[in-house]
Amino acid sequence: MYLKNAWYCVSWDKDLKDQPLGIKILGQKLLIFRKQDGSVAALDAVCPHRYAPLHKGRLENDILQCPYHGLEFNSEGRCTLNPHGDVIPPNANLRSYPAVVQNLAVWVWMGDPDKADPSLLLEEQDWTSSDKFARGYGYTHVRGNYQLAIDNLLDLTHGPYVHVGGFGQEPRKMGLKYPMNHEFFVEDRKVHSRYYRENWRTNLFFRPFFPHDYCDQTTFMCLHQPSNLTLDITVLEVGAENGLPSEFIAPSFHFITPETETTAHYFYAAGHNKLIDDKTVTAKMMEGVRVAFEDEDEVMIRDVQEAMESTDLLSLKPAILESDIAGVTARKMLAKMIAEE
Amino acid sequence: MYLKNAWYCVSWDKDLKDQPLGIKILGQKLLIFRKQDGSVAALDAVCPHRYAPLHKGRLENDILQCPYHGLEFNSEGRCTLNPHGDVIPPNANLRSYPAVVQNLAVWVWMGDPDKADPSLLLEEQDWTSSDKFARGYGYTHVRGNYQLAIDNLLDLTHGPYVHVGGFGQEPRKMGLKYPMNHEFFVEDRKVHSRYYRENWRTNLFFRPFFPHDYCDQTTFMCLHQPSNLTLDITVLEVGAENGLPSEFIAPSFHFITPETETTAHYFYAAGHNKLIDDKTVTAKMMEGVRVAFEDEDEVMIRDVQEAMESTDLLSLKPAILESDIAGVTARKMLAKMIAEE
Amino acid sequence: MYLKNAWYCVSWDKDLKDQPLGIKILGQKLLIFRKQDGSVAALDAVCPHRYAPLHKGRLENDILQCPYHGLEFNSEGRCTLNPHGDVIPPNANLRSYPAVVQNLAVWVWMGDPDKADPSLLLEEQDWTSSDKFARGYGYTHVRGNYQLAIDNLLDLTHGPYVHVGGFGQEPRKMGLKYPMNHEFFVEDRKVHSRYYRENWRTNLFFRPFFPHDYCDQTTFMCLHQPSNLTLDITVLEVGAENGLPSEFIAPSFHFITPETETTAHYFYAAGHNKLIDDKTVTAKMMEGVRVAFEDEDEVMIRDVQEAMESTDLLSLKPAILESDIAGVTARKMLAKMIAEE
Numbered sequence: 081m082y083l084k085n086a087w088y089c090v091s092w093d094k095d096l097k098d099q100p101l102g103i104k105i106l107g108q109k110l111l112i113f114r115k116q117d118g119s120v121a122a123l124d125a126v127c128p129h130r131y132a133p134l135h136k137g138r139l140e141n142d143i144l145q146c147p148y149h150g151l152e153f154n155s156e157g158r159c160t161l162n163p164h165g166d167v168i169p170p171n172a173n174l175r176s177y178p179a180v181v182q183n184l185a186v187w188v189w190m191g192d193p194d195k196a197d198p199s200l201l202l203e204e205q206d207w208t209s210s211d212k213f214a215r216g217y218g219y220t221h222v223r224g225n226y227q228l229a230i231d232n233l234l235d236l237t238h239g240p241y242v243h244v245g246g247f248g249q250e251p252r253k254m255g256l257k258y259p260m261n262h263e264f265f266v267e268d269r270k271v272h273s274r275y276y277r278e279n280w281r282t283n284l285f286f287r288p289f290f291p292h293d294y295c296d297q298t299t300f301m302c303l304h305q306p307s308n309l310t311l312d313i314t315v316l317e318v319g320a321e322n323g324l325p326s327e328f329i330a331p332s333f334h335f336i337t338p339e340t341e342t343t344a345h346y347f348y349a350a351g352h353n354k355l356i357d358d359k360t361v362t363a364k365m366m367e368g369v370r371v372a373f374e375d376e377d378e379v380m381i382r383d384v385q386e387a388m389e390s391t392d393l394l395s396l397k398p399a400i401l402e403s404d405i406a407g408v409t410a411r412k413m414l415a416k417m418i419a420e421e
Numbered sequence: 081m082y083l084k085n086a087w088y089c090v091s092w093d094k095d096l097k098d099q100p101l102g103i104k105i106l107g108q109k110l111l112i113f114r115k116q117d118g119s120v121a122a123l124d125a126v127c128p129h130r131y132a133p134l135h136k137g138r139l140e141n142d143i144l145q146c147p148y149h150g151l152e153f154n155s156e157g158r159c160t161l162n163p164h165g166d167v168i169p170p171n172a173n174l175r176s177y178p179a180v181v182q183n184l185a186v187w188v189w190m191g192d193p194d195k196a197d198p199s200l201l202l203e204e205q206d207w208t209s210s211d212k213f214a215r216g217y218g219y220t221h222v223r224g225n226y227q228l229a230i231d232n233l234l235d236l237t238h239g240p241y242v243h244v245g246g247f248g249q250e251p252r253k254m255g256l257k258y259p260m261n262h263e264f265f266v267e268d269r270k271v272h273s274r275y276y277r278e279n280w281r282t283n284l285f286f287r288p289f290f291p292h293d294y295c296d297q298t299t300f301m302c303l304h305q306p307s308n309l310t311l312d313i314t315v316l317e318v319g320a321e322n323g324l325p326s327e328f329i330a331p332s333f334h335f336i337t338p339e340t341e342t343t344a345h346y347f348y349a350a351g352h353n354k355l356i357d358d359k360t361v362t363a364k365m366m367e368g369v370r371v372a373f374e375d376e377d378e379v380m381i382r383d384v385q386e387a388m389e390s391t392d393l394l395s396l397k398p399a400i401l402e403s404d405i406a407g408v409t410a411r412k413m414l415a416k417m418i419a420e421e
Numbered sequence: 081m082y083l084k085n086a087w088y089c090v091s092w093d094k095d096l097k098d099q100p101l102g103i104k105i106l107g108q109k110l111l112i113f114r115k116q117d118g119s120v121a122a123l124d125a126v127c128p129h130r131y132a133p134l135h136k137g138r139l140e141n142d143i144l145q146c147p148y149h150g151l152e153f154n155s156e157g158r159c160t161l162n163p164h165g166d167v168i169p170p171n172a173n174l175r176s177y178p179a180v181v182q183n184l185a186v187w188v189w190m191g192d193p194d195k196a197d198p199s200l201l202l203e204e205q206d207w208t209s210s211d212k213f214a215r216g217y218g219y220t221h222v223r224g225n226y227q228l229a230i231d232n233l234l235d236l237t238h239g240p241y242v243h244v245g246g247f248g249q250e251p252r253k254m255g256l257k258y259p260m261n262h263e264f265f266v267e268d269r270k271v272h273s274r275y276y277r278e279n280w281r282t283n284l285f286f287r288p289f290f291p292h293d294y295c296d297q298t299t300f301m302c303l304h305q306p307s308n309l310t311l312d313i314t315v316l317e318v319g320a321e322n323g324l325p326s327e328f329i330a331p332s333f334h335f336i337t338p339e340t341e342t343t344a345h346y347f348y349a350a351g352h353n354k355l356i357d358d359k360t361v362t363a364k365m366m367e368g369v370r371v372a373f374e375d376e377d378e379v380m381i382r383d384v385q386e387a388m389e390s391t392d393l394l395s396l397k398p399a400i401l402e403s404d405i406a407g408v409t410a411r412k413m414l415a416k417m418i419a420e421e
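Residue numbers (my numbering), protein chains in the order written: chain G, 81 to 421; chain C, 81 to 421; chain D, 81 to 421.
So here's chain G without its partners, still in its complex pose (with noise of 0.2 Å):
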């Protein structure tokens, strides 16, 4: 159901303050909090001793203290008070989680602890840090299992139809092929998915950062298994090279968690290199994302989860076209993966 040996996007960076936050993931519930080097731990978040909610409890001096009867436990999940008595039990201690930030996340490893392998984080991008872009943050709960937000992040001729919206599509007019320019390719645990648009009506939403008509828009989307996503668009003047001031990029993570089996935490960011010092277009841009993904993908998923009363797409055997070749084969690698695992 889910890769465990892997790295899972459970919140920004930005956003794990002195508070502990609990959230499920791959179908646990876990604890995480910012010890006071900054650094982070994650830890289950159940209570051994009588199942409360450890996230609801005090956190001082890198110690949580249970809400319930005061069970104290260390950032490595061991219990180093009980309040009432003498004795601690052995089995009142905590899993732990390996955790680190990058690339504005915290991210936790699910699997085996002696595993976990720093290089199999999504590497470092360096918009997250350059004075050159603005960044805006988001998250949306989604009512569906996580290979639905893939596949549709892996698609996107899904935009003209479902767009018209948060991002300003035009809506096609039937009957009409729109054959998009397309390239894709796997490299290790990645899957790309390129469109590329020649002399193509600028998008709504990019005008207020490339003021002209026309454009050439390149759209880079690629999936670092089993569930994050980086997206770079390009938009550039038609028939331009790459690097004139007038280019307008936008890079853009889309961190899938899976939250349950028919439940997923999207995490995304988006920058850009115009305009950055105006918030007010930042926020802006940021709401136009958040319209799209949350009032549009979101529904479109969970209506089609509710539609296929199953989480296995393929078993179901779906009419395939040529335009699901990276959705399908991020899913037959991610089978074999957790196969193998």
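Derived from the structure by calculation, the hints contain no laboratory data. Each hint should be verified, as a subset may be incorrect.
For chains that are exact copies, the list does not tell them apart, and a pair is met inside one copy or across any two.
Said to hold, decoys possible - With a straight-line Cα cutoff of 25 Å, these simulated BS3-like cross-link-like pairs (lysine-lysine) come out:
(1) K253 x K115
(2) K364 x K94
(3) K136 x K109
(4) K253 x K136
(5) K412 x K84
Using the hints, position chains C and D against chain G.
Chains C and D only, in chain G's frame:
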């Protein structure tokens, strides 16, 4: 569970305009739309590509566009366009269902299309088009198995207990018997349940149409298997023959369509042959009907469904009264028809 | 799952007036009503004819009328009238249950009626009728297995973690032990859990009744199997003997009745022997109790129930502390009683 080779009501004719309608019946998601020639198409409502809800798609020139990736389907369910490539997979077509308009309603045949038999439709009723009648319409979602709604209609002894509100019936004094003059018979696929009352206090609900304190009332209920009922009420002056100018006639439809095992659609319409030009009177009558069905019957049916914890009433071995004869007979008839199918 | 041969609380005596009461206990829908002689009848709440909710019916002269078709039942559950025919089927009667009033509450015996034993009722407590006490009442619906509510009461070490609000307890400093002087013993069907504190800072909750900064406090909790608890708190001046005029006594009831496997009814009442003529003080005390039980305990129990994903705590092999002795003993006792039954 359901009789498949039968016509089920999915909408009032007047309510099916230029937007496609999504409705679940017999556990299946259907899509209904009006064709340009005025006839009706009924298709499976889930896209065979990615399980998107097709009733949320665009409809133009009898072609429906999937709201997710834009596949197009004609009114027979054939996929006519894949906008993103050259191939339309053979399994990209939708199942279609025979659909017709009759008696103010849209009907769908859920079984073998080759067996779709117009003679099994409820025969056209005069009052639906006569200028001697005014008409009103309604719909209630029922949180109970469809057979509970049928039972409720076939045994009208519940009136003075359940309908003290909407139908303004006088509650019964406790400790007394209230035998009704009841006639019951079966004819082909029909179950008739008829009640006669002579020199009876006129129901408050009928007073605007029939301004006499006492009346002779005949109440003819007929189930057309599997789940569509007609109710014809006639109110006469005491001892009068049918046909006097003061005769009040109120025919009505009660079309029940199973949605799931424990929910149903209830389409109702009613006519009246007095004050037919006063829309306020019709509206007030229909509001009384709505209160009776939605706030009184439906709440009772929901409570009963919850208490039964089953959909098979007879298997629970309930106490059976003489007044249950029509309902029990109808259940046994339908069980036999389903078994034969 | 449940002990059947036992008395369960279904209502406060004062709350059972002239309307019948419907309540689900031990998974069964019951109907309770007050008879004209002041005693109480308890019957199955579902009509054997068509599964209608009888507690919504009319009650006159100890006769209950079904709200669907008007069948009438007497207080022993016998069907006394079928208003629509001559025959009352033999299976049209309702099961009745022994029911009595004691300790301000209405009690129903859910097992074999021949074994209904008044001596198994909680013995009448003086404070329920004494003019030396004022009294208040409450009810909370608990979204957890009834045994979680019992555990919560038998181990009061949770107070300073959970009840910083309603009971105004001071939160504990982290890193320190807080051993309590605890006495535990079993006696017949009772489990006693007693706490003694000397020279203790007076709880804010008791200050209106006991205006001293420090006190000796005794807290006697007793479970009467299967699920009814008494709690007697006495607050004395430091070093004083019982019986001084300043002695503050707060007895209370905590009657837990299983509703379903994962929900319970919690009826609570409390008395106080100071300021007994000031209804504002009683109301304020009961509001503090309500906050503690409803907003604090109940939320914790719900979280625990959800995290356990089971109703059998011990089968999960939790970490067990010395402070769990009363709860664990009570669970083992009850499991044995249920197995013997």
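- prompt: Which hints, by number, does the structure contradict?
  reply: No hint contradicted; all consistent.
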